[in-house]
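Visitor: Residue-level listing of the chains:
Protein chains: 2
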Amino acid sequence: MNTTQKSKFPQVVIIGGGFGGLEVAKQLEDAPVEVLMLDKHNYHTFQPLLYQVATGSLESESIAFSLRKNFAGQKNFRFRIAEVSGVDMEHNKVLTNVGDIEYDYLVIATGSTTNFFGNKDIERFAMPMKSIPEALNLRYLILQNLEEASLKTTKEEREPYLTFVLVGAGPTGVELAGALAELRNHILDRDYPELQKSHMKVYLVDFLPKVLGPFSDEGSKAAKHFLTEMGVEVMLNVKVESYDGEEIKFEGGKSIKTKNVIWSAGVQGVVPAGIDKKDIEKGNRISVDSISRIKGSENVFAIGDVAAMIDDENPKGHPGVAQVAIQQGKLAGKNIISLIKGEPTEPFKYNDKGSLATIGRNKAIADLGKLKFQGFFAWLIWMFVHLISLLGFRNKVVVFVNWIGNYIANNGGARLIIRRFVPEELPKKDKQTAKAD
Amino acid sequence: MNTTQKSKFPQVVIIGGGFGGLEVAKQLEDAPVEVLMLDKHNYHTFQPLLYQVATGSLESESIAFSLRKNFAGQKNFRFRIAEVSGVDMEHNKVLTNVGDIEYDYLVIATGSTTNFFGNKDIERFAMPMKSIPEALNLRYLILQNLEEASLKTTKEEREPYLTFVLVGAGPTGVELAGALAELRNHILDRDYPELQKSHMKVYLVDFLPKVLGPFSDEGSKAAKHFLTEMGVEVMLNVKVESYDGEEIKFEGGKSIKTKNVIWSAGVQGVVPAGIDKKDIEKGNRISVDSISRIKGSENVFAIGDVAAMIDDENPKGHPGVAQVAIQQGKLAGKNIISLIKGEPTEPFKYNDKGSLATIGRNKAIADLGKLKFQGFFAWLIWMFVHLISLLGFRNKVVVFVNWIGNYIANNGGARLIIRRFVPEELPKKDKQTAKAD
Numbered sequence: 001m002n003t004t005q006k007s008k009f010p011q012v013v014i015i016g017g018g019f020g021g022l023e024v025a026k027q028l029e030d031a032p033v034e035v036l037m038l039d040k041h042n043y044h045t046f047q048p049l050l051y052q053v054a055t056g057s058l059e060s061e062s063i064a065f066s067l068r069k070n071f072a073g074q075k076n077f078r079f080r081i082a083e084v085s086g087v088d089m090e091h092n093k094v095l096t097n098v099g100d101i102e103y104d105y106l107v108i109a110t111g112s113t114t115n116f117f118g119n120k121d122i123e124r125f126a127m128p129m130k131s132i133p134e135a136l137n138l139r140y141l142i143l144q145n146l147e148e149a150s151l152k153t154t155k156e157e158r159e160p161y162l163t164f165v166l167v168g169a170g171p172t173g174v175e176l177a178g179a180l181a182e183l184r185n186h187i188l189d190r191d192y193p194e195l196q197k198s199h200m201k202v203y204l205v206d207f208l209p210k211v212l213g214p215f216s217d218e219g220s221k222a223a224k225h226f227l228t229e230m231g232v233e234v235m236l237n238v239k240v241e242s243y244d245g246e247e248i249k250f251e252g253g254k255s256i257k258t259k260n261v262i263w264s265a266g267v268q269g270v271v272p273a274g275i276d277k278k279d280i281e282k283g284n285r286i287s288v289d290s291i292s293r294i295k296g297s298e299n300v301f302a303i304g305d306v307a308a309m310i311d312d313e314n315p316k317g318h319p320g321v322a323q324v325a326i327q328q329g330k331l332a333g334k335n336i337i338s339l340i341k342g343e344p345t346e347p348f349k350y351n352d353k354g355s356l357a358t359i360g361r362n363k364a365i366a367d368l369g370k371l372k373f374q375g376f377f378a379w380l381i382w383m384f385v386h387l388i389s390l391l392g393f394r395n396k397v398v399v400f401v402n403w404i405g406n407y408i409a410n411n412g413g414a415r416l417i418i419r420r421f422v423p424e425e426l427p428k429k430d431k432q433t434a435k436a437d
Numbered sequence: 438m439n440t441t442q443k444s445k446f447p448q449v450v451i452i453g454g455g456f457g458g459l460e461v462a463k464q465l466e467d468a469p470v471e472v473l474m475l476d477k478h479n480y481h482t483f484q485p486l487l488y489q490v491a492t493g494s495l496e497s498e499s500i501a502f503s504l505r506k507n508f509a510g511q512k513n514f515r516f517r518i519a520e521v522s523g524v525d526m527e528h529n530k531v532l533t534n535v536g537d538i539e540y541d542y543l544v545i546a547t548g549s550t551t552n553f554f555g556n557k558d559i560e561r562f563a564m565p566m567k568s569i570p571e572a573l574n575l576r577y578l579i580l581q582n583l584e585e586a587s588l589k590t591t592k593e594e595r596e597p598y599l600t601f602v603l604v605g606a607g608p609t610g611v612e613l614a615g616a617l618a619e620l621r622n623h624i625l626d627r628d629y630p631e632l633q634k635s636h637m638k639v640y641l642v643d644f645l646p647k648v649l650g651p652f653s654d655e656g657s658k659a660a661k662h663f664l665t666e667m668g669v670e671v672m673l674n675v676k677v678e679s680y681d682g683e684e685i686k687f688e689g690g691k692s693i694k695t696k697n698v699i700w701s702a703g704v705q706g707v708v709p710a711g712i713d714k715k716d717i718e719k720g721n722r723i724s725v726d727s728i729s730r731i732k733g734s735e736n737v738f739a740i741g742d743v744a745a746m747i748d749d750e751n752p753k754g755h756p757g758v759a760q761v762a763i764q765q766g767k768l769a770g771k772n773i774i775s776l777i778k779g780e781p782t783e784p785f786k787y788n789d790k791g792s793l794a795t796i797g798r799n800k801a802i803a804d805l806g807k808l809k810f811q812g813f814f815a816w817l818i819w820m821f822v823h824l825i826s827l828l829g830f831r832n833k834v835v836v837f838v839n840w841i842g843n844y845i846a847n848n849g850g851a852r853l854i855i856r857r858f859v860p861e862e863l864p865k866k867d868k869q870t871a872k873a874d
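These protein sequence lines map, in sequence, to chains A and B. With the working numbering applied, the first sequence corresponds to residues 1 to 437, in that order. With the working numbering applied, the second sequence corresponds to residues 438 to 874, in that order.
For the record, the hints were derived by calculation from the structure and aren't laboratory data. Hints are supplied without guarantee of correctness; some may be wrong.
As the list claims (entries may be wrong) - Chain B regions said to be covered by chain A (calculated; three or more residues, Cβ under 8 Å):
id, segment
1, 470-483
2, 496-504
3, 515-529
4, 566-573
5, 851-857
Each residue gets a CB set at the ideal place from its N, CA and C atoms; glycine is no exception.
Construct the complete structure from the given sequences, taking the supplied hints into account.
Guide: Following this line, the structure appears as structure tokens:
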């Protein structure tokens with residue numbers, strides 16, 4: 001194929017166009033290399049806003065940006081839609097559904113996917129939300145179940161369709177819980193005159209004793225307070241036992257009848273085949289050294305969610321957040337240039353800029369180093385940071401217009417079911433190797 | 438189900454939330470009736486801009502608007518997502534996948550779908566574009582084939598992926614041909630450095646001797662001139678014989694190798710089962726009287742594309758355009774109120790406001806009665822009319838922002854493949870009865 005033509009420049013192959021992969025390619029813009037990026041989608045996904053796609057307040061395409069278009073001006077950049085089946089490190093090849101691709105340097109930036117911890121039933125019946133197709137499936141399921149509920153005549157029949165159980169009280173679960181609570185409080189009886197607010201229930205479940213685990217205690221407490229105020233039932237220290245599509249059961253005997261279980265209780269790295277098992281750490285992450293290089297390799301890097309950079313200061317590696325991927329990507333790009341030039345490389349040092357999470361209208365949590373605050377001002381900062389981080393001027397404007405519109409009208413966006421979600425007919429999970437996603 | 442509860446007011450059931458159905462419901466806002474709208478989607482589709490969704494310059498959700506949200510303030514309005522399987526006129530019932538629904542008055546506003554004129558191979562391999570899921574499928578196919586072409590090493594291998602044959606030179610075909618020509622002229626080699634403009638071909642085929650058949654000769658000639666100028670090969674007086682997914686054959690022996698055939702050569706009404714065969718006119722349209730009522734019925738109306746209101750002045754009925762549906766819908770609503778009140782009804786009189794079609798940047802055709810003009814000013818009018826006709830302030834702003842952005846950057850929008858289009862796995866055609874669309 002075209003891309004395996006021999007070039008006079010070293011070929012850098014990047015698997016994944018997420019936050020990390022983008023930075024690597026950008027760093028290499030003026031370097032004497034050929035860059036080839038592979039991704040199963042032709043777009044970058046702005047994952048922090050996936051939950052707003054899932055609840056129908058943002059259109060999916062406003063949080064996506066074409067990878068080809070993003071790099072249209074970069075002369076040494078090429079892109080392929082490709083599903084990577086494995087890496088042949090001995091022969092410096094990536095194995096894909098569009099042929100084998102040779103590399104001189106490889107950056108694995110495949111990110112993470114939902115971790116169901118081996119529970120097949122939960123994997124089958126609960127909804128994940130790690131990609132745009134998954135967020136759309138979730139949106140369609142939520143809206144279809146509201147439609148279904150409006151057809152039922154008794155409270156008992158309606159209940160499971162109007163009960164939402166979010167497992168995992170990290171930022172994703174918390175933000176989704178807030179958005180669903182707002183849907184109930186402000187939209188439900190306007191859009192569905194047959195339904196009543198009091199019939200819709202939102203549960204947020206975690207086996208840890210606090211919401212927003214990695215946040216400060218102050219932030220965590222405020223988040224729990226906001227959620228409770230909005231009518232979310234927060235269930236902490238609770239472990240899920242099983243879910244069969246009808247009823248979720250918890251350790252200790254409690255159970256809830258629901259058609260809507262959303263699983264954001266864990267992630268795992270998406271590791272291509274061909275990586276030595278001994279290099280795989282907890283959470284299915286690839287063990288890397290201080291320059292993000294796979295231990296024992298000269299030319300293969302892993303960055304972001306799929307990498308575990310474990311040292312004395314970070315015995316569990318770095319958190320799976322965009323900032324780590326961005327900073328590791330930037331440095332990996334620089335270090336590849338240094339390696340090519342025979343110059344010394346620079347070790348990674350994480351600059352933690354802090355954490356933000358939003359619960360709803362005027363309600364957010366900001367943990368910015370020693371600066372901790374909650375409420376309206378945190379919410380403004382959350383919006384500002386997310387807007388400037390979105391790729392593309394058009395996307396920024398469209399999301400901004402949506403937010404302003406939603407804020408004024410307090411009616412939370414468009415809520416469209418573009419394609420009906422039929423679990424048996426459409427793949428629910430956006431797998432690395434899924435054919436139709 | 439909830440909706441069959443007996444009410445003291447007559448129940449008006451509207452099948453379809455298109456241009457016509459919307460107007461009926463709006464007219465009945467303050468009338469002493471219960472309105473129930475059924476649609477297989479939960480949104481209204483602004484069909485005139487489907488082609489921009491197909492070429493990736495508009496996001497699908499910006500030309501859709503939630504039907505529930507649109508009528509959230511109308512007290513007597515209810516909505517159901519439902520697939521209508523038939524009408525039982527004897528017992529005043531609509532048969533649907535969510536149960537039978539009784540009506541006192543029924544308005545069939547189901548619109549039209551693609552007409553392949555019985556050619557099963559063409560139906561199987563050519564792409565229709567009458568709904569948002571279909572427009573998205575078409576977009577994904579176009580973009581996937583550009584990706585595929587970029588993997589091929591020889592011109593011969595690339596050619597079928599880069600050849601686009603549009604059958605039917607009505608507004609849809611002409612607008613799509615223009616948009617594809619712009620994709621080639623301004624985007625192809627920027628987004629796909631492996632490809633060259635000269636390798637991409639756009640053909641517009643019609644068996645009639647002119648493009649934009651219903652337009653004035655002046656408008657038609659200008660459209661053909663614009664298209665040719667932009668590099669579209671216009672083939673008139675040419676009839677398609679067959680298409681097998683690889684090669685399209687024309688009467689007289691000519692053929693073109695292509696993976697992309699888009700069929701906009703005809704439409705047919707979507708008639709629910711249960712309508713007497715003798716009441717079905719050419720083009721699968723329901724024969725109606727001067728107040729849009731099915732002949733012989735007291736309380737069943739058909740409006741818009743699915744209706745044929747044939748009289749001496751209109752021996753073929755009215756054209757299948759939004760304006761006819763809107764005006765018939767408005768009048769049907771009024772006449773239903775008159776019938777309920779026992780007042781005289783008013784016959785339909787079509788007020789033809791003229792036709793607009795756009796070919797590309799600064800290039801459009803306006804036939805507004807005696808006023809005929811082409812070019813930049815027609816293009817401004819085209820944009821203005823489409824913007825004000827879009828449902829929802831948010832959609833207007835988002836589309837406007839997109840158009841401004843596309844105009845300045847001349848790079849035609851986002852071009853995202855959100856879900857891979859796999860013909861064997863996803864339903865290509867958005868049928869009235871399709872399960873997953």
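Visitor: None of the hints should be skipped; say for each whether it holds.
Guide: Structure-based check of each hint:
{"no.": "1", "hint": "470-483", "result": "holds (count 3)"}
{"no.": "2", "hint": "496-504", "result": "holds (count 7)"}
{"no.": "3", "hint": "515-529", "result": "holds (count 3)"}
{"no.": "4", "hint": "566-573", "result": "holds (count 3)"}
{"no.": "5", "hint": "851-857", "result": "holds (count 7)"}
The structure shown violates none of the earlier numbered hints.
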